[in-house]
Every structure is written in structure tokens, then in C-alpha cells.
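Here's the letter readout for the chains.
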Amino acid sequence: MELNLKGLGKKDMEFFEEIPKERKKIIHSSSSSAILTKFNSNELASILHPKVQHVSVIDIIEENDSTKTFVLAPNAEKNTKKLAYFRPGQYISVEVEIDGCIYHRPYTISCSPKNVFDNLYTITIKRKRNGIVSNFFLDEVKVGDHFSISAPMGNFYYEPLRDANNVIALVGGSGITPILSMAEAIKDGILDFKLTILYGARTKKDLLFHKELDELAKKSNLINVEYILSEEQKEGYLSGFITKEMIDKYRENETSFFVCGPINMYEYVNDLLKDYQLPNKYIRHDAFFGRVDISKNEDYELTILTAEKKVTIVCHSKETLLNTMEKNSVLIQSRCQVGNCGFCRSKLKSGMIRTIDGCLRKADEKNKYIHPCISFPESDIVIELPY
Amino acid sequence: MENKFDCIIIGAGNAGLVAALELAKNNKSVLLLEKGKTPGGVSSSFKRGRFEFDTSLHLLELMGTKQQPGELYHLFQKLGIMDTIEFSTLSDSLHVYEIEEDKEYKLPFGIIEFMDKMEEYVPGSYDALKKFFVLAEESKEALIYIEKNRENIDKEYLQKNFPDFLKVSTHSLDKVLDSINLPKKAQEILSTYWVYFGSPAGKLSFVHFAIFVFNFIAHGSELPVINSYEISTNLAEEILNLGGKIKYLSTAKEILFKDRKIAGVMLENGEIYESKHIIANLSPTNVYGSLVPIQMVPKEALKLTNSRVLGARGFSIFLGLNQSAKDLGLTDYSYYILRNLDSNKEYQYRQSIKNDSCVAYVLNNVNPNCSEKGTTILEISSFFTDDVFSKNATEKNYFDLKSIIAANMIDAFERATKISIKPYIEEIEIASPVTYARYTGHPDGVLYGYKATGMDNLLPRLLSLKEENFIKNLRFCGSFDVKLSGSSATYLSGDLTAKLTLEDMMEEGNEEWN
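From first to last, the protein sequence lines are chains F and S. Numbering-wise, this note's numbering puts 322 at position 322 of the first sequence, and it's gapless, one number per residue. Numbering-wise, this note's numbering puts 385 at position 385 of the second sequence, and it's gapless, one number per residue.
To be clear, the hints were calculated from the coordinates, so they are not data collected in a lab. Any given hint might turn out to be false.
[What the hints assert, rightly or not] The list that follows gives simulated cross-link-like pairs (lysine to aspartate or glutamate, EDC-like), each with its CA atoms no further than 20 Å apart: (1) S:K175 with F:E159; (2) F:K211 with F:E232; (3) F:K24 with S:E468; (4) F:K318 with F:D293; (5) F:K204 with F:E226; (6) S:K106 with S:D116; (7) F:K126 with F:E95; (8) S:K499 with S:E151; (9) S:K130 with F:E97; (10) S:K155 with F:E17; (11) S:K47 with F:E232; (12) F:K82 with F:E18; (13) F:K38 with S:D387; (14) F:K142 with F:D59; (15) S:K391 with F:E95; (16) F:K366 with S:E372; (17) F:K309 with S:E2; (18) F:K349 with S:E238; (19) S:K184 with S:D102; (20) F:K310 with S:E2; (21) S:K140 with F:E17; (22) S:K261 with S:E274; (23) S:K258 with S:D102; (24) F:K234 with F:E252.
Predicted, not measured: the structure shown is a model, and the values here were computed from it.
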């Protein structure tokens with residue numbers, strides 16, 4: 001039975017047949033000029049998150065005998081006209097070719113976002129024992145060298161909707177870089193919160209950016225710095241390790257702790273902060289490589305499948321699958337190298353690995369995907385790369 | 001790798017995945033190209049701290065249950081992923097706050113229950129609502145008939161079986177609700193669902209809206225227990241299991257032609273893959289504007305694309321809270337916080353950067369184990385009706401602007417519900433139209449495809465499907481295509497487009513035979 005629809009009737013029924021014609025009329029009367037393909041959101045997305053940035057080294061500053069700062073500027077010849085803006089605490093991933101092998105390594109941007117408008121980033125690299133890439137940077141890289149780097153990435157940054165207005169940064173050694181960037185941004189008026197930096201190192205000469213930090217503390221009343229030396233007694237410096245007394249001096253009712261440094265320090269600081277019974281949200285960590293205990297010392301076979309080919313190489317129980325692939329010139333994409341970003345996500349076709357828990361998405365875990373950057377082999381392995 | 005395929009699918013969104021899998025199931029060799037690093041497009045997830053957030057899925061209508069399977073259930077079963085995914089059922093259908101009137105309405109699932117409750121709020125609405133649901137069901141059946149028989153629709157059959165559908169088929173929501181004498185306030189409450197379409201009652205197609213509401217209220221809605229990324233990965237796994245190829249981090253640069261016929265795809269890195277059939281799970285704006293060489297774009301395709309208007313731009317806030325939903329006092333799954341229930345007014349508000357209307361979803365109230373005990377995942381979702389966000393955003397103010405808008409929406413939520421959430425934010429991520437532009441490549445980061453109004457609505461698109469297949473063997477699917485936007489719609493869109501491509505292949509086979 002038909003319904004009684006006020007004002008709608010036979011005419012409307014007949015119009016049904018006209019629909020395609022009506023649509024055609026509208027299409028017909030519209031312009032046949034070229035389609036608009038530039039949109040504000042997409043333009044801004046490509047400025048903030050470029051696929052790749054080409055940079056040149058324009059200056060190298062020796063910070064101490066094992067650390068150098070590299071000043072990077074856009075390489076206009078390769079069509080990078082400006083650098084992407086970033087949030088203090090973020091990193092870029094650098095791609096380098098060493099002896100025919102391609103490596104990617106994440107380095108925190110240590111300058112202020114304001115420097116982007118002067119066309120520069122700075123990254124600070126410390127020599128690591130047996131670190132192929134860090135040694136290459138410290139020994140080989142010269143002013144004028146070119147690299148491609150990723151867009152700024154990472155989630156270790158100050159977020160006003162989440163973090164307290166009072167922040168205490170607990171910093172060890174070269175972990176200072178993200179905090180330096182935040183302090184610079186506070187000085188430049190880009191960030192607005194109270195920042196106390198408790199900066200621990202072994203000796204005075206291991207403290208990076210000492211002068212810059214002092215300068216920042218002088219210029220901004222939002223910034224405080226205390227230095228703690230564990231292997232040296234010096235006037236004007238605290239000695240030993242970070243203690244609760246040092247923290248209490250700067251702690252307020254609501255305080256966020258930003259922790260960055262080597263893994264031993266994370267473990268030490270976590271123990272220290274336990275007494276405060278803080279909710280998780282008040283303790284934020286820079287991305288770091290979690291502890292993986294490996295007792296085995298053995299070689300295995302690693303077979304890599306891509307859409308095009310199959311390669312078998314030797315891998316070792318104490319080396320990540322990603323590092324093994326890099327060294328054997330198997331091209332694999334990666335960014336963060338600590339199991340967070342998912343760029344190296346690959347399928348484990350067979351074999352056993354040891355990895356850091358909690359890094360995978362639930363569905364990836366169910367479908368046997370792994371992050372090779374944090375995976376150590378425990379048997380012969382077959383993995384499939386996603387391209 | 002063999003570089004020749006029966007079909008190349010560009011884009012591993014919901015529709016691209018379904019289309020690729022469907023073809024693989026039909027023994028076609030397929031190559032699925034995806035510019036991102038994972039499958040699913042907006043049906044994805046990301047981790048922050050101890051939380052994993054679903055990037056987009058709030059409800060899956062048309063899913064149904066084993067006892068009462070819906071269209072989507074059948075599709076997932078056919079595709080072989082139904083047994084691998086567990087679903088849960090939503091409990092409440094609508095809980096809306098109207099800020100300017102200081103009013104609150106809460107309606108249940110089930111047509112009778114829904115009508116009873118509405119009658120309580122707006123006396124005199126029962127009979128008209130009954131008409132609404134009759135019309136909605138008739139529209140649903142009519143659409144199924146039209147989709148099935150779109151090549152030769154029997155007018156007499158339509159007139160005999162779906163006379164009322166024909167009367168309302170080209171009208172807007174408010175016009176039809178007027179014609180059934182639904183009281184104004186009931187119209188407004190019912191129209192709250194307009195937020196899933198992005199067009200207000202004066203512009204929204206009655207048919208499109210009514211079918212959605214009918215499916216949603218009559219049959220309820222489901223959510224995967226893990227998240228939409230599980231659906232995406234399981235579809236991708238099935239494609240691989242059937243011998244299909246998927247290449248991630250692979251951006252299509254150009255659609256190649258040979259003798260004016262589709263011949264393949266070239267990637268940004270210069271790699272070339274050959275195929276006589278292409279399915280594009282991306283917008284015609286991108287395809288005709290950037291991928292197809294300009295001399296190969298038919299004039300009518302240019303005109304059609306230029307005649308269309310981009311739909312709503314999404315804005316989402318993902319919150320990991322360090323208290324349980326119960327302790328916070330969050331009892332429902334969804335909270336609609338609208339300034340005004342008059343959708344035409346509300347639409348205007350959403351043209352402003354100050355827009356703070358939103359819908360908040362408490363995932364734990366559907367999937368209690370979606371986050372650790374003592375925590376809650378709360379997603380606040382909204383949209384702007386035009387490009388106001390990108391007009392206001394600059395490189396320098398971008399992160400601050402996101403935080404300001406997010407703070408406005410969180411405030412609006414707290415004020416309306418009188419529930420405090422800010423002190424409990426352990427993790428937060430904010431997605432803007434720029435974020436969606438970055439991950440999807442959609443023009444201006446739109447989430448809802450082209451604006452579905454007037455002659456660019458569901459029915460006109462469906463009835464013109466054949467005529468608008470401008471380049472032979474190049475098919476579209478996804479939120480910009482005939483079935484419009486929404487998770488369920490895009491999965492079903494992939495299914496429809498796979499069918500069309502199989503027909504194209506058959507036709508080609510016949511031509512060669514002749």
C-alpha cells in the first residue's frame with residue numbers, strides 16, 4: 001500500500017527517469033579546463049612531511065673528542081629548497097652509503113625549530129664503539145658532503161594537552177640533544193613551559209653544550225640547568241648520580257619527567273621515580289632500544305624474499321636482522337631503529353626470533369610480522385620484505 | 001617478478017583490498033600497489049605508549065551476526081576472512097547533547113524501541129517515524145534491485161514494487177521528513193546521523209540517509225574486537241595466500257597507455273608493471289588530474305571531475321586515558337556533542353575554525369580489552385565542512401592550531417557530559433585534514449569523498465555508472481566512487497568494482513574470440 005506523502009506524487013515518480021539526464025546536464029555545463037590538483041592540505045602535508053629531504057653539510061663543530069655536531073642545509077641542486085618544520089624532540093633518519101651498503105640512522109635534531117627559517121638543522125653524533133655509521137660521520141664526513149634525510153619523525157615532544165607545565169628533564173650524556181632543542185624553543189617563544197635540566201655525565205668534558213645550556217638558563221627564566229658528574233669532583237657541579245633531593249628541589253605538584261640517555265640510566269631513573277608513585281603519563285621516554293638479553297653466540301642463515309628475488313646471507317644471534325641486511329647490501333627501509341615506526345615491518349615466514357615486546361600492532365603480531373630493527377635470530381630465518 | 005598482471009589495483013584501502021582479493025579468488029593475477037607502508041588506507045592503527053588506536057572505524061553497519069548476517073557479513077565470508085576476525089556489538093544507538101538548547105536525548109537500537117523513545121521525547125512522532133522506516137526499507141530494497149539490474153531497469157517493476165521510493169528518490173532528507181509530517185524536533189534528533197555524511201538535511205539525499213539509519217537502527221552495528229587494521233591485514237594476507245602481489249611504499253606515478261588502451265602503471269621509482277585492467281582506489285581528481293596523461297583524459301571526465309565538490313575534512317583526537325571508563329563515569333559508546341540539532345545550522349558552525357562539535361567514542365565500552373585494565377581509549381571525531389582548516393594552518397602554527405582545536409573539542413565534551421578527562425590524558429595524537437592528506441593523498445585530505453548532494457548523490461551515481469566509465473578497463477572504487485564513503489560502503493565498493501572488472505575481462509575475452 002502506498003503511503004500518503006504530502007506534496008510528493010506522480011511528478012516525482014516520473015522524475016526518476018530524468019536522473020541520468022539531469023546529471024549529464026550538470027556535467028555538460030561544467031568546465032573542461034585542467035583539473036585542479038593543488039590543495040592547501042596536501043601542500044602543507046608535503047612541506048611538513050616531505051618524502052625525502054636532500055641536505056648538504058655546511059659546518060662541522062667538534063664538541064669533544066668523541067662527538068661532533070653537523071650543520072645541515074637544504075641542497076637546492078637536488079630540489080630541496082627548504083627544510084621541514086619540526087617539534088623539538090623529533091629526529092630525522094639519515095641515509096648514508098658506506099662501501100656500497102646503504103644505512104639509515106636516526107639522529108635527533110638539536111637546534112630550535114626557528115632555525116628551519118634560517119635554512120638549517122643541526123644533528124649531534126657521538127662515536128659508538130663498532131658503530132659503522134657514527135664512525136663514518138666522525139672520521140669521513142666533510143663540509144660539502146650530501147645526504148638524503150627523512151622528514152622529522154618521532155613522538156618524544158612536549159604536548160600541552162598532556163604534559164605538566166613544569167618539566168624536569170633527566171638527561172644522561174648525549175641524550176641532551178632533544179632537551180637542548182626544547183630549551184632553545186622555549187627561549188625562542190615557540191614552547192611555553194618551565195624546564196629544569198638535570199644533566200648527568202661522567203666528567204665535565206662529557207657534558208655537551210655546556211656553554212649553550214648556561215646561556216639558555218641565563219636568557220630565559222623558564223630554564224634551569226644542574227650538572228651532575230659521576231666520575232669527577234668539581235666546584236659548582238653536583239657529584240654522583242641524580243638523586244631525589246635534586247629532583248625535589250624543582251618538583252611541583254604536577255611535574256612531567258622527560259627521560260633521555262643510555263639504557264642503564266633509564267633503568268636507574270625508573271627505580272628512582274618509583275617512590276613518587278607517579279601515573280605513567282608523567283614519565284616520558286625518548287625512544288630507545290629496550291634491553292634484549294642474548295646468551296647465544298651463533299651464526300644462522302637468513303633468507304630474504306622480495307617481490308623480485310631471494311637472497312640468503314649469514315646472520316648472527318647478537319646482531320639485529322636489520323643490521324645484518326644493511327651490512328650485506330640488502331636494501332631495507334627503516335627510520336627509528338627502535339621498533340616504533342614500522343618502516344621495516346616484514347613477514348617472518350619461518351624461524352624463531354628474540355625481540356622487544358609491545359612494539360607490534362596486535363594484528364601484525366597475529367599475522368607473524370616483525371620489526372627486523374629489534375629482532376635477533378634464534379634459528380635460521382626466512383623473512384619477506386613488503387616490496 | 002613477472003611484471004605482467006591481469007589487473008593492477010592502485011591503493012590498498014578497504015575497497016582496493018577487497019577488489020584485489022575478489023579478483024585473486026577468481027584466479028586473476030593481481031598486483032596491489034600501496035604508497036604507504038601498511039594495508040588499509042584509513043582503516044589502520046597506530047601505537048602510542050601502551051595504547052593502540054584505530055585510525056578511523058567507529059561502526060560497521062550491514063555486518064550483522066551469524067544468526068542474522070548482513071551484506072558485509074556475506075562479503076567477508078565469501079572472501080574467507082570471517083572466521084579469522086571476532087566482532088562485538090554496539091549497545092547504544094544514539095546519545096546526543098544539544099548544547100545551545102541544553103538538552104540531551106538517548107535512543108536505543110531496534111525500530112520499535114527507537115520509535116517508543118522518540119514518542120516520549122516528541123509526542124506525535126510515532127506514526128510519522130513508522131512511515132520513515134517503511135520508506136527506508138522500501139528504498140533499501142529498491143536500491144538492491146537497481147544495483148543488480150542497473151543495465152536494464154524495468155520501470156514497470158519499479159513502479160509496481162517501489163512506488164513510494166520513486167516519489168522520494170530525488171529529494172532531500174528534510175523535504176521527505178516534512179512530507180511524512182514528522183514533528184520538527186523529531187526530525188532534528190533523527191537527523192543527528194547526518195554527521196556520517198557531511199551534508200545537512202537540506203542537501204542530504206533522503207534515500208542514502210534512510211537506508212543507513214534503517215540498517216543501523218534495525219540491525220545494529222558491529223566493531224572488530226581488535227581493530228580495523230586487523231581486517232586490513234587479514235584481507236592482505238588472503239591476497240598473498242592466493243598468489244597475489246602487494247608492493248608497499250610504492251607510489252604510482254603514471255597510468256600507461258598503448259594504442260590508446262590501458263597498458264600498465266609506472267611507479268615513482270621508474271618501475272613499470274603491465275596490465276590491461278586497472279582499478280583505482282583513489283579519487284578521480286588524482287587519477288584524471290595526475291596519473292592519466294592529459295591527452296588521454298576524455299573531455300567528459302574532465303567536466304565530471306570539475307563539476308564535483310570535495311566533501312568533509314576530518315579532524316580526530318585519539319586519547320589514551322589512565323583511568324577506566326567506569327571510574328571516569330563514561331557509560332556509553334558514543335556521545336554526540338552538537339551545538340545545534342538543526343543540521344543546516346550545525347553545518348554552518350562547522351565552516352568555522354572554532355567548531356567544537358564532535359562525537360566521542362569510548363572504545364572500551366564495546367571492546368573492554370582494547371586497552372590495559374584501568375585505562376580507556378577515547379576518540380573524539382569531528383569534521384570541517386570545507387577547507388577552513390587548511391586555510392588557517394601554516395607550517396609555523398600547525399602544531400599549535402591542532403592543539404587549540406583539540407582543546408576546544410575536549411572542553412565541549414567535558415562541559416556537555418560533566419565528565420572530566422583532561423587530567424587523565426596519558427597519550428594523545430591529533431589528526432587534521434593535513435594528516436589525512438599525508439596518509440591518503442586525498443585532495444585536501446577529505447575523508448568523505450566528494451560531497452554527496454543533488455545530482456552527485458548515491459542514486460545518480462549508480463544510474464550513471466555505465467555511462468561514466470570514460471576510459472575502458474579503468475575502474476574506480478572507494479569513498480570517491482558510487483557507493484560513497486564509510487567503512488562498510490567502501491568494502492562493498494571493492495566488491496562491486498571487482499565484479500565490473502570481471503565483466504570487462506569477459507567482454508574482452510569475447511571480443512578476442514570474435
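Original post:
Given the hint that K258 (chain S) pairs with D102 (chain S), does the C-alpha gap stay at or below 20 Å?
Top reply: This hinted pair is violated, its Cα atoms lying about 63 Å apart.
Original post:
Is K106 (chain S) close enough to D116 (chain S), meaning Cα to Cα at most 20 Å?
Top reply: The hint holds at about 12 Å.
Original post:
Does E95 (chain F) lie within 20 Å of K391 (chain S) when you go C-alpha to C-alpha?
Top reply: violated, 34 Å
**OP:** Would you mind confirming whether the straight-line C-alpha gap from K366 (chain F) to E372 (chain S) stays at or under 20 Å?
**Re:** holds, 18 Å
Original post:
Is the hinted pair K38 (chain F) and D387 (chain S) satisfied, with a Cα-Cα distance of at most 20 Å?
Top reply: Given pair K38 (chain F), D387 (chain S) holds - Cα atoms ~13 Å apart, limit 20 Å.
Original post:
Are the Cα atoms of K140 (chain S) and E17 (chain F) separated by 20 Å or less?
Top reply: holds, 18 Å
**OP:** For the pair we were handed, K499 (chain S) and E151 (chain S), check the Cα-Cα distance against 20 Å.
**Re:** holds, 14 Å
Subject >> Given hint E17 (chain F) paired with K155 (chain S) - CA-CA distance at most 20 Å >> reply: holds, 9 Å
Original post:
Are K130 (chain S) and E97 (chain F) close enough, with their CA atoms no more than 20 Å apart?
Top reply: The given pair, whose Cα atoms are some 70 Å apart, is violated under the 20 Å limit.
Original post:
Straight-line Cα separation of K211 (chain F) and E232 (chain F) no greater than 20 Å?
Top reply: Holds. K211 (chain F) to E232 (chain F) sits at ~19 Å (cutoff 20 Å).
**OP:** With a cut-off of 20 Å on the C-alpha distance, tell me whether K24 (chain F) and E468 (chain S) pass.
**Re:** With Cα atoms ~10 Å apart, K24 (chain F) and E468 (chain S) stay inside 20 Å; holds.
Subject >> 20 Å Cα cutoff - pair K318 (chain F), D293 (chain F) >> reply: holds, 9 Å
Of the numbered hints stated above, those contradicted by the structure are hints 1, 9, 11, 12, 15, 23 and 24, listed in ascending order.
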